[in-house]
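Use these hints to put chains H and Y onto chain R, whose structure you have.
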Amino acid sequence: MAELTKERFKKVASDRFDKDVISRPTISYWGDAWRRLKKNPVAMFSLGLLILCVIMTIIGPYIRGLDFVTVNGVKKNLGPSGEFWFGSDSLGRDLFSRVWMGARVSIIVAVVCTAIQIIVGCIYGGIMAYYGGIVDEVMMRILEIITSMPSLLITLLVMMVLEKSVGALVFAMCVTAWCTTARQIRGQIMQLRESEYVMAAECLGASPMRIIIKHMIPNTLSILILNVASSIPSYIFTEASLSFLGMGLDSNSISLGVLISNGRATMDLYPYQLFFPALALCIIVLAFNLLGDGLRDALDPRLRQ
Amino acid sequence: MSKLLEVKDLRVSYHTYAGEVQSVRGVSFDLEEGEAIAIVGESGCGKSVTAKTIMGLIKEPGKIKEGSEIIYRGQDILKLSKKEMGQYRGKEAAIIFQDALAALNPTMRVGKQIMENILQHNKSMSKSEAFEEAVKMLEMVGIPDARQRAKQYPHEFSGGMRQRAMIAIAFACQPKLLIADEPTTALDVTIQAQIMRLIKDLQKKLNTSVILITHDLGVVANVAKRIVVMYSGKIVESGNSEDIFYHPKHPYTCALLNAVPRLDLENKQVLASIEGTPPDLLDPPKGCPFCTRCRYCMKICCEELPEMTQFGDGHQAACWLHHPMAADCERPKEMEVSK
Amino acid sequence: MIKYTIRRFITMLFTLFIIATATFFLLAAVPGDALSARAERLPENIKENLYKKYGLDKPTMERYVITMKSMLHGDFGESITYEGQTVSSIIRDKGPVSARLGLQQMLLGVSVGLLLGVLAAIKKGTWIDYLVVTLAIVFISVPNLVFGLLLQKVFGGTLSWFPVIGWPQGDELWFGGWKYTVLPTLTGCFVYIATYARLLKTSMLDVINQDYVLTAESKGLTRGQVIRRHVIRNSFIPVMTQLPMSVAMCITGSFFVENIFSIPGLGLYYVNAVSGRDTSIVLGNTVIIAALYIIVIFITDILYTLVDPRIRIRGGKK
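Residue numbers (my numbering), protein chains in the order written: chain R, 10 to 314; chain H, 793 to 1131; chain Y, 309 to 626.
The following block holds chain R by itself, in its conformation from the complex (with noise of 0.2 Å):
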């Protein structure tokens, strides 16, 4: 301990102190989620693993340079090998560049439907929590009768309606999927206008345009990313279920369900043409939800310490 000298009883100035002060500099919700997805190896894993995926559906079908498309009638049926990598298909098609032709069609149709549910179930959520009231009642009944039957099943009557195409798979897909989000968007909504940090908000004099990007988007906004996060993989897996019911796209087109499909017919004489599209339709899911599961963590503010 240092000498006592009176010197050091002397009175400081209380106006030294900011009292107020803060003394942990504050960080921002987004930082904060960013910082503790970083933080967790499986979600950043799985994110190099999608990046990795992305890229090779957009360069995987020309790596080979080989004609993936046209029969090739002498080379059927050949195991992985130095010239065929994932081995040909049953009519001499090189099935390392079908795969991720596949997985470009699966991605970019699950990315559309997203995109789809995503903007359909805002503007209807948000028509419901803006006026309430009666348009609120009816618009809630119709999204209640439409939840009320297993999505599956529309999606299946819808495919039957209309001619086999990308569109019309579309389409089908996504006739249910914007409930839910319009749902979430409905309540989350409702629940921030009722919140007391909004009526602060609004009673410290705040405009409705800062109460909207201050309050009303960051909270919304981690719902939508979980819901794409979710989506994603959902869709993938609808349109590889539907093409293996032979409901989706038809046998001629590339996509991951069709790849299984066919893949399906030869299993037990040549499994590898089931094994590899199966394997990648796996692991984009798999990645896709890990991250969607890191994501969930790193947004949830209970979880922030």
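Just so you know, the hints here were simulated from the structure itself, not pulled from any lab data. Don't take every hint at face value.
[Unchecked claim] Chain Y side only, calculated, beta carbon under 10 Å to chain R, not exhaustive:
| no. | residue |
| --- | --- |
| 1 | A337 |
| 2 | V446 |
| 3 | V450 |
| 4 | L453 |
| 5 | T560 |
| 6 | V579 |
| 7 | A598 |
| 8 | I602 |
| 9 | T608 |
| 10 | I610 |
[What the hints assert, rightly or not] Take a look, some chain H residues computed to stay more than 10 Å from chain R by CB distance:
| no. | residue |
| --- | --- |
| 11 | G859 |
| 12 | R865 |
| 13 | K875 |
| 14 | K992 |
| 15 | E1095 |
| 16 | M1100 |
Backbone N, C-alpha and C define an ideal beta-carbon position, used for all residues, glycine too.
What follows is chains H and Y alone, placed relative to chain R:
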């Protein structure tokens, strides 16, 4: 009277990503049998953590530091086995939480929640006997139609009744030690007084020792014999309630006392408040934790921790103003040395 | 409570009516139904009779009224592709097959899932927790059709432990013939295991942080007692809300599982009817599946109120 509980140099930290938050930084006090003491302090000063530690309820990421001791009847409860802990909790010590709605299981009938405690510590008792006992407990805490009420769920109770039910659970096995963690904070003022009176009556009747934890000095006055004032994880002053109320020896206590609304003051007088916020416990200040908010802060206060100064009769305070060298420094008028 | 039930019941009927109507008009727009394919090679007069038999000679609106009326009397129509097969007979023949498969999947999947969820929650941070979490995410990410094909290949093909296709019939319809059901049941149950393990774990960790768990601990209950008496029941409540979703999964899941293992159930039949454009069968089955689904949701809602006394008093969700 003999010592029931001795807390020695208790240190509890929470480990978060930002670092170690030192919630409790070396707290020592003791409690005699049948005695009621109060721990007073503002939010975040570590009083609830202290209470939970005494009940052995600290969980990850919280950690009790080496060297801390909580001696209950000669036994360090921090070293109890799981089984011994089970016998200690409920039977020897019980706790009442602030928010009774959150502290009662929403899907279990109130009577059953009381019976649970009774059956746990009286293995030979039958269910129907335990139910009768639970009804008796509810009657004791002043719940009318106790028999019907015992079959209801917590959400069917009013706020005050829920807190009474909590008290019934706590007293079900006649514990020697009751910890009341802000038992009245969530209640209306009128109900607050009833609940405090109930706790006081039961304490007298059953000769229970009580640790009352609160941020409201007004609540403490007629319940606790002794008061411990905590600030940012440390005890800054402790002593008899009379000493604390009439002869405070720490600027923080003075400021707290001035912040209690009083009827005998003139209407025009503005209620005093303490400016500023408590220090960040992630990086506790080197000197006196109160120095940044203290109106009488001296240079040394920011540099070194003050020692406890004894004033007799167990009254002690940690403040540099009591150092002989500070004899002629400005101090709160309550603390003026009367010669 | 009774008022609430009645109101829910009326909403249910209305929803069904809307679904039937929507399905009817959707199917009326299907290009080239099964009948025209069948009638193509037939002489003109027989063709006419055939159309008359299915009422397809009448305008759409009139057919709609007729269909709705007969549905009210419990007649859901007759197959166009296979004469003599009515929706009712199909349900009677194939319903039990799908029901057994679905029940087995759900019972096994949900119970194993819940068990794993409890384990993961109480052993949080240990290898058990990580194992369960990893398994769950893998089970969710691998489509059941891939699982099915894999199981079929390994246990049916390579190892030959179980038959690859087929289903117990006759006396063994409900019990017995287990070896046929093992692979399909496993295939279908993975998704439940994953969903319920994850759900229950999150929910339990939520409950464990509640104040009333501290109260229970402060009574001196052991950890096991606290978990059994206080944590489990309260953490089951949010899990219950997932049950209707699972029934939907079960119905749509049967489309794939029955397809992979060629199980003569409703799912396979329905998919075949859809791809064969057998409109009358699709209409009838859709309405019945939807009705089943809605009824299950209704029952779950009632169950939900029984578990959570807070809802029981208020009479209905919010």
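To see whether the hints hold, each was checked on the structure:
no.: 1; hint: A337; in the structure: holds, 5 Å
no.: 2; hint: V446; in the structure: holds, 7 Å
no.: 3; hint: V450; in the structure: holds, 5 Å
no.: 4; hint: L453; in the structure: holds, 5 Å
no.: 5; hint: T560; in the structure: holds, 4 Å
no.: 6; hint: V579; in the structure: holds, 5 Å
no.: 7; hint: A598; in the structure: holds, 5 Å
no.: 8; hint: I602; in the structure: holds, 5 Å
no.: 9; hint: T608; in the structure: violated, 12 Å
no.: 10; hint: I610; in the structure: violated, 16 Å
no.: 11; hint: G859; in the structure: holds, 21 Å
no.: 12; hint: R865; in the structure: holds, 37 Å
no.: 13; hint: K875; in the structure: holds, 33 Å
no.: 14; hint: K992; in the structure: holds, 35 Å
no.: 15; hint: E1095; in the structure: violated, 7 Å
no.: 16; hint: M1100; in the structure: holds, 15 Å
Going down the numbered hints, you'll see the structure goes against 9, 10, 15, while the others check out.
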